[in-house]
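Undergrad: Protein sequences, first through last, are from chains A and B.
Per the working numbering, the first sequence starts with residue 604, numbered consecutively.
Per the working numbering, the second sequence starts with residue 936, numbered consecutively.
By construction, these hints were calculated from the structure, which means they are not laboratory data.
Among the hints, a few may not be true.
[As the list claims (entries may be wrong)] Okay, the calculated beta carbon distance ranges per label pair:
#1 B:Trp1044 - A:Leu735: 38 to 44 Å
#2 B:Leu1041 - A:Tyr732: 31 to 37 Å
#3 A:Ile717 - B:Thr1015: 44 to 50 Å
#4 A:Gln734 - B:Ile1032: 45 to 51 Å
Don't be surprised by glycine CBs; every beta carbon is placed ideally from N, CA and C.
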Amino acid sequence: MESGYNRCIMKRTKTFSHYRLNLRLGMFSFLSHRITGLILIIAGLIIILSLSVIMLGRRTFEQMLVMIQLPVFRVFAHIIVIALYWHVLNGIKILIIDLFKASRAHKVLTIIIIVIFIVGIVAYFVNVYPQLLPL
Amino acid sequence: MFKVKRNKERIHWVFQRISGVQLLVCFGIHIWVFFFKLKRPIAFSQINQLFTKPEWIIFYVIFVALAIYHAFTGLWTVLTDKNPSKTYKKVWKAILISGGIFLTGLTLWNLVIIGAS
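Chain A on its own, in the form it takes in the complex (with noise of 0.2 Å):
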């Protein structure tokens, strides 16, 4: 026998179900796994191609070289690095999960990376920009 509740629930999973998403630790890094992946993707694109303009002489090359300083391309970079270090970490993870069979572990380890994260990309950017820091 179904009670009024779990018929009003079922209703609602069947409604939402095609485009809800289970938003919890899991999803959350299977999700930005996949977006940090699409960044490197179209980063890496970018890179490959940019090392192109060799092609086009030494000269335009070191002009590249000197536009690549420009603060727009540091923030690209800084992009690049963030999320480079969450896919690296991540992966990490999934490794640990694949190889010893620890997927009761996933949120622990999610949330170990999660930390070991902050932790990073606070001493990258400390050491990046040393001026920030109040001492």
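Since the structure of chain A is already known, use the hints to place chain B on it.
TA: Just chain B, lined up with the frame of chain A:
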């Protein structure tokens, strides 16, 4: 640890993990080269000097080939997540394989030109 059957998808799955670990090592070497070996700000002469040595060209081509393999295998997983039609899969497979070969070749060509400039 793994029982790899003759299943292309599974072999790619295992190799994606292996290439991920290899990329980590290659990336470490890349960081060492660009942040510790070369002086800042990086000038063309330094990059040129680096790529006059064939071992660095070989290293970077392997690095890029591994990165492309890892990235495109991941992209393939994303694209075929909802089990699309065979034609869709064939078209994407052709795009990814030819794109991967083109990008690896382009990198090799560019590095050789940088070394020769």
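Undergrad: Going through the numbered hints above, which ones does this structure break? Give me the numbers in ascending order.
TA: Of the numbered hints, just 3 does not hold.
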